[in-house]
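*Asks:* Residues per chain, in single letters:
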Amino acid sequence: MKKRSFIVQWLVLGVMVSAVLLPDTQSYAARVKEFDRSGKLIVSDKTAAEQQPTYDIKNNSSEKTFAVPRPPFTEGIFPCSQCHTYMKPNPQRRSLTEYHTEIVLHHAEGQRWCTDCHNLLNRDKLRLVSGELIDFTESYRLCGQCHGDKFRDWKVGIHGKRTGNWNGDKQYLLCVHCHNPHDPKFKALKPLPPPVRPGAARH
Amino acid sequence: MSEITKVDYVQHRSRRKFLKGLAAGVGLIALPSKDAAASVWDEFFQKHFRELSRDELKGVITRLEKDYSKQFAKQVTVKTTPPIEGVLYGYGLDLSRCIGCRRCVYACVKENNQSRDPQIHWIRVLQLDKEKGVDLSHAEQYYNPEKVPEKGHFYMPVQCQQCEKPPCTKVCPVQATWKENDGIVVVDYNWCIGCRYCMAACPYGARHFNWGKPTLPAAEMNPVTHYLGNRPRPKGVVEKCTFCIQRTREQPGRYPACEEICPVGARKFGNLLDPNSEIRYLIENKRVFKLKDDLNTQPKFFYFYAT
Amino acid sequence: MKNIWNFFAGTLMLISKGSKAYYCWVLFLLVLMAIGASAYVRQLDEGLIISNMRDQVSWGFYISNFTFMVGVAAAAVLLVIPAYVYEWGPIKEFAVLGELLAVSAIVMCLLFVTVDIGHPERFWHLIPKLGLLNFPQSLLAWDVVVLNTYLVLNLTISIYILYNLYYKREPNHNFYTPLVLLSIPSAISIHTVTAFLYNGLGARPFWNSSILVPRFLASAFCSGPAFMLLIFLLVRKYTKFKIKDEAIQKVAEIMAYAMFINLLLLGAEIFKEYYTATVHLDSFQYLFQGLHGHSALVPYIWTAMIFNITAFFLFLVPSTRKNPITLVIGCVLVFVGVYIEKGMGLVIPGFIPDTLHEIYEYSPSNTELMLAMGIWATGLFVYTMLLRVAIPILNGDFHVADDGVSSYIGDDLFFVRQENGEEEEMVTEPKQVGE
Numbered sequence: 000m001k002k003r004s005f006i007v008q009w010l011v012l013g014v015m016v017s018a019v020l021l022p023d024t025q026s027y028a029a030r031v032k033e034f035d036r037s038g039k040l041i042v043s044d045k046t047a048a049e050q051q052p053t054y055d056i057k058n059n060s061s062e063k064t065f066a067v068p069r070p071p072f073t074e075g076i077f078p079c080s081q082c083h084t085y086m087k088p089n090p091q092r093r094s095l096t097e098y099h100t101e102i103v104l105h106h107a108e109g110q111r112w113c114t115d116c117h118n119l120l121n122r123d124k125l126r127l128v129s130g131e132l133i134d135f136t137e138s139y140r141l142c143g144q145c146h147g148d149k150f151r152d153w154k155v156g157i158h159g160k161r162t163g164n165w166n167g168d169k170q171y172l173l174c175v176h177c178h179n180p181h182d183p184k185f186k187a188l189k190p191l192p193p194p195v196r197p198g199a200a201r202h
Numbered sequence: 000m001s002e003i004t005k006v007d008y009v010q011h012r013s014r015r016k017f018l019k020g021l022a023a024g025v026g027l028i029a030l031p032s033k034d035a036a037a038s039v040w041d042e043f044f045q046k047h048f049r050e051l052s053r054d055e056l057k058g059v060i061t062r063l064e065k066d067y068s069k070q071f072a073k074q075v076t077v078k079t080t081p082p083i084e085g086v087l088y089g090y091g092l093d094l095s096r097c098i099g100c101r102r103c104v105y106a107c108v109k110e111n112n113q114s115r116d117p118q119i120h121w122i123r124v125l126q127l128d129k130e131k132g133v134d135l136s137h138a139e140q141y142y143n144p145e146k147v148p149e150k151g152h153f154y155m156p157v158q159c160q161q162c163e164k165p166p167c168t169k170v171c172p173v174q175a176t177w178k179e180n181d182g183i184v185v186v187d188y189n190w191c192i193g194c195r196y197c198m199a200a201c202p203y204g205a206r207h208f209n210w211g212k213p214t215l216p217a218a219e220m221n222p223v224t225h226y227l228g229n230r231p232r233p234k235g236v237v238e239k240c241t242f243c244i245q246r247t248r249e250q251p252g253r254y255p256a257c258e259e260i261c262p263v264g265a266r267k268f269g270n271l272l273d274p275n276s277e278i279r280y281l282i283e284n285k286r287v288f289k290l291k292d293d294l295n296t297q298p299k300f301f302y303f304y305a306t
Numbered sequence: 000m001k002n003i004w005n006f007f008a009g010t011l012m013l014i015s016k017g018s019k020a021y022y023c024w025v026l027f028l029l030v031l032m033a034i035g036a037s038a039y040v041r042q043l044d045e046g047l048i049i050s051n052m053r054d055q056v057s058w059g060f061y062i063s064n065f066t067f068m069v070g071v072a073a074a075a076v077l078l079v080i081p082a083y084v085y086e087w088g089p090i091k092e093f094a095v096l097g098e099l100l101a102v103s104a105i106v107m108c109l110l111f112v113t114v115d116i117g118h119p120e121r122f123w124h125l126i127p128k129l130g131l132l133n134f135p136q137s138l139l140a141w142d143v144v145v146l147n148t149y150l151v152l153n154l155t156i157s158i159y160i161l162y163n164l165y166y167k168r169e170p171n172h173n174f175y176t177p178l179v180l181l182s183i184p185s186a187i188s189i190h191t192v193t194a195f196l197y198n199g200l201g202a203r204p205f206w207n208s209s210i211l212v213p214r215f216l217a218s219a220f221c222s223g224p225a226f227m228l229l230i231f232l233l234v235r236k237y238t239k240f241k242i243k244d245e246a247i248q249k250v251a252e253i254m255a256y257a258m259f260i261n262l263l264l265l266g267a268e269i270f271k272e273y274y275t276a277t278v279h280l281d282s283f284q285y286l287f288q289g290l291h292g293h294s295a296l297v298p299y300i301w302t303a304m305i306f307n308i309t310a311f312f313l314f315l316v317p318s319t320r321k322n323p324i325t326l327v328i329g330c331v332l333v334f335v336g337v338y339i340e341k342g343m344g345l346v347i348p349g350f351i352p353d354t355l356h357e358i359y360e361y362s363p364s365n366t367e368l369m370l371a372m373g374i375w376a377t378g379l380f381v382y383t384m385l386l387r388v389a390i391p392i393l394n395g396d397f398h399v400a401d402d403g404v405s406s407y408i409g410d411d412l413f414f415v416r417q418e419n420g421e422e423e424e425m426v427t428e429p430k431q432v433g434e
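Residue numbers (numbering that gives the first Met the number 0), protein chains in the order written: chain F, 0 to 202; chain Z, 0 to 306; chain B, 0 to 434.
Some hints here could point you the wrong way.
Under the rule of at most 25 Å between Cα atoms (straight-line distance), these lysine-lysine pairs were calculated in the DSS-like manner [to be verified]: (1) K109(Z) x K160(F); (2) K160(F) x K285(Z); (3) K69(Z) x K57(Z); (4) K146(Z) x K160(F); (5) K57(Z) x K78(Z); (6) K285(Z) x K39(F); (7) K19(B) x K241(B); (8) K321(B) x K241(B); (9) K128(B) x K178(Z).
Estimated spans, in silico, between C-beta atoms of each pair [stated by the list, open to error]: (10) A276(B) x E101(F): 54 to 64 Å; (11) T148(B) x D293(Z): 29 to 39 Å; (12) M372(B) x T80(Z): 43 to 53 Å; (13) T96(F) x H291(B): 54 to 64 Å; (14) K178(Z) x Y273(B): 35 to 45 Å.
Think of the hints as simulated: they come from the structure by calculation, not from any bench.
Everything numeric in this text was worked out from a predicted model, so none of it was measured.
C-beta atoms are modelled at their ideal positions from N, C-alpha and C, and glycine is treated no differently.
Pulled out of the complex, with its shape left as it was, chain F reads as follows:
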C-alpha cells in the first residue's frame, strides 16, 4: 500500500512538472476559443496570433465580394478621370462653385468633405481610411467603415431590399442604390391609398 501510493505521488508530480516545463508550441492560453451560433464551444487549433489577419492594403482579398448592379451614376459622369486627369487636384476644403454644384453634402459635413472619400489623386477610386483604394463597385466597404452594424447586416442579407431567389441567387444592391451618399436620409414617400372602409359599400 505504502509503495503504491509513493509511486502514484511521484507520477502525478512528474506529469505536473512536464506539463509546465515541456515546450508548448500550442500554448493553451493562446488557443482560440469561440462559440458558434448554436452555443457550442469550439476550440480552434490555431493560436490567437495565427487567427489575426494581417492587413495588407495592397492585396487585401479577405472580404468576400458581392455581385451588385452597376452603381447609379448620373449619365456621363463616370469615369471621373475623363475630366480630372487634366485638372490640378485642390485639397483645400471649400464649397464647389464651378461644377458638381448640385451636390449638397449633408452627411457628416462637419467632419469631412469630398476628398475624405473620393481619392484626391485618382478620382476613379474611392479611398478607405487605411489608405486602400477601392472601385465604386465596392463602395459598401467605404460605408461600412462607419456604419459597421448596417454593413454586417447587409452582408448576411438582412439590411436593404432583397430580390432574387430565397434559396438561390440573391441580388444585392449597393448602399448607394437606395441611399444618396451625399444626402443619405430617406425622403418621406406618399403612401398608397388606405383600404376602403367597410361601411362604404352598403346595399
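Based on these hints, arrange chains Z and B on the given structure of chain F.
*Replies:* This is chains Z and B only, laid out in the frame that chain F set:
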C-alpha cells in the same frame, strides 16, 4: 257521396301538383349547354384537394385552366407544386424600417389576383404611436397623410402569420383549410362552404371573405397561379395570404411579392430550417417579438428591430 | 300502407281546414315566407354582400338568431324531465307539444345556418363519409352532429307517440322511454356545443370565458319555456285541449330560477371585466356604454336588461306568476329580453372591436331582416301545421276510424268560441276519409 268526391279531388290535386313540381325540377337540372352543365356538375362533385387521385387532379386542373383562360382571355396556368422537402417558411418584418407606404399591400393585390371591388387586401398596415409602442387598441389603419412616415409614429403590417398551431384550421367544419408541411396554411377554395368560422377564430384578422362576386380586370390578372394560392376565387369563400405559394415553392424559389417591392427592405423571408438563411440570422441576433404571443399560436411571422 | 296514406290524407285535410283566424294566420305566414324566399334568391345571386356583414363583423343577424333558436329548442327538455323522468301527469299530457316546438326550432336553426353560409350547395361536404366532416376537432362539426341527432330524436319520439295515439293504442313505453331519456342529454348537448363553439376562440376575448356555457343554458331555460307558455295559453284558449294550471305554474317557477342564474352569471361577467379593466373590457364597454362614439347596441342591451329583471320579479312573486296578464307580460318580456341579450347582444360585441381593434358598427340590412322574418315565419308555419295535427290527435278528435283503415276527423275542428255562446264551426258532421 259528394264528400268522397271532394276528398278524391283533394288527393288528385295534391298528387298532380307533386308530379308537376318534380318535372319542373328535373327540367331545371337538364340545362341546355353541355359544356356549362358538365363544368357545373364536375365542380359540384369535386372531392377535397387532398383526396383527389392524380388523374382526378389533372382533370380538375385542366377544367380550371380552361375556365380561367376563357374568363380572362389569356393563357392561365394553375400549378399544384407540392411543398419542398426540409423547408419551413419564416417571415421577418423590420419595424425600425417600415415607413407605412403600403406598396406591399398593392403588390400583393396584383400578384395574388385579389378582388378590386369589393376590395380585398391581404395585408393591413397599422399606424402605431412611438410613445405607446405596440398597442393594438390605439392602432389606425386608415391613415392617409401626405407623406409617410409621420413623426411620432411607426408602422406595422399584419397579414396571415402562418401559425404553427393555427386556430383557424382547428375550427373549419369541413377541413377546407389546413397547414401544409412547409408551414403555409392554405384553403381549398372549391371545398370551402363559406361558414366563416375560421374568420372568427383568427386572432390577427388575416382571413378575408368574398362577400360579393370578385371583380378582377383581365388586363391586371396574374396568369401564373397555384391551386391553393392566387388563382381567382369564386364568391362566397375565404382567402388569405399564402406567402406567395406560387413563387416560393419553385426551385429556385422567388421571394413573395410584398418582400420584393418593399422600398426600404423591411421585409425578410426564408427557410427557418436553413441555419444560413436571413430569417434565422435575424431571429438569433435581433430583438424579435410575435404578435399576440400569449395566445400560443406560434406564428412564423417575426417582427424585429434591426437597429 | 293504405293506413299510412289515409293518415296523411287525414293530416292534409286537417291542415287545409280551419277557422277564419287560422286561414288569416297561415296566409300571413306564407306571405312572409315568400318575401323571405325572394330575399334569399337575391342573396344567392349577388352574394352575402347585400347583408351588412363584412370581414370585421363576419357573423351577424343570422347567427344571432341561430344562437337564440338553439336555446329555444333546448328548452323542450324542461318539459321532458318532469313529464318522463318524474312521471308528473300535468305536464306529461302535453310534453309532445314541447317536443314539436323543439323540432320547429331546430328547423329554424338549420335554415339560419343555411342562409348564412357562402356556398349552401356544398352542404354535402358536411356529411361524414360523403364529404369530410372535421369531427371531433371542429365545434361546428359537433354542432352538425348534435343538432341533427336532436332533430331526429324529437321527430321520432313525437311522431311515434302521436301515430300510436292516432291508432288508439298505448305507445310502447319500452320503445320511447329510452329515446326520451336520450333526448335530455341531447338537449343539453346542443346548447353546450353551441356555447363551446364561441367559447373556444382565443381570438375573441368577449366569448372566451368558461362562464359562457352556463349562461347559455340558463338563458335557454328562460326563453324557450316563455314561448311554450304563450303557446299553451293560446292552445288552452282556442282549442279543446286542457292544460292544467299547476303545469303552467311549475314551468313558470322553473323559469324564475333559470332567470336568476342567468342574471347572476351575467353579473359575474360584468364584475370581472369592469373590475380587472384589461384591454378586453372594450367589448363590454361597446355593449353597455358605447366605445369611441359608437353606441348602436346600448339602447337595446339596456332594454333587454330591464326586461329580464322585470320578468324575473314577475315570475318570482307568486301573485304575479298566477295572474294570467302579468304571466303573459312576463313571458313576452323574457322572450324579447333574451332574444336581444343572447342574439345580437352576444354575437356582435364579440366582433367589436375586431382583432386589430377596428370598430365597424354592424346593424342588419333589409335583406337580412326580410330573410330572418321569412325564416321565423317558416318556423311558426311548421309549428302551426304540427300543432294542427297533434292537438286533434291528443284530443281524440283525429284517429283511425272503426274499420281500422280509414281516418276519422271529429266534429270539433278548430272553432273559435265566442263569448255570447255562438260557435262558428267549419264542419258539423263527422267525416270519413278515404276508403
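*Asks:* Would you mind marking each hint as holding or not holding in the structure?
*Replies:* Against the structure, the hints:
A C-alpha spacing of about 20 Å is found between K109(Z) and K160(F), which places the hinted pair at or below 25 Å, so the restraint holds. At most 25 Å may separate the alpha-carbon atoms for a hinted pair to count; K160(F) and K285(Z) meet this at roughly 18 Å. Straight-line distance between C-alpha atoms of K69(Z) and K57(Z) comes to about 18 Å, which keeps the hinted pair within the 25 Å bound. Under the criterion of a C-alpha separation no larger than 25 Å, the hint pairing K146(Z) with K160(F) is consistent with the structure, at around 21 Å.
In summary, the hint linking K57(Z) to K78(Z) is supported, as the alpha carbons are separated by about 10 Å, within the 25 Å threshold. Under the criterion of a C-alpha separation no larger than 25 Å, the hint pairing K285(Z) with K39(F) is consistent with the structure, at around 20 Å. Among the hinted pairs, K19(B) with K241(B) is consistent with the structure: their alpha-carbon atoms are about 23 Å apart, no more than 25 Å. Between K321(B) and K241(B), the direct Cα distance comes to roughly 17 Å. Compliance with the 25 Å bound is thereby established for this hinted pair.
Taking the CA atoms of K128(B) and K178(Z), the gap is about 22 Å. The hint holds against a cut of 25 Å. Here the CB-CB span from A276(B) to E101(F) is close to 58 Å, well matched to the stated 54 to 64 Å. Remark: the range hint 29 to 39 Å for T148(B) to D293(Z) is upheld by a beta-carbon distance near 36 Å. Range check, M372(B) to T80(Z): Cβ separation about 49 Å, and the 43 to 53 Å hint holds.
A beta carbon spacing of about 58 Å between T96(F) and H291(B) agrees with the range 54 to 64 Å that was offered as a hint. Against the hinted window of 35 to 45 Å, the Cβ-Cβ separation of K178(Z) and Y273(B) comes to about 38 Å, which satisfies the hint.
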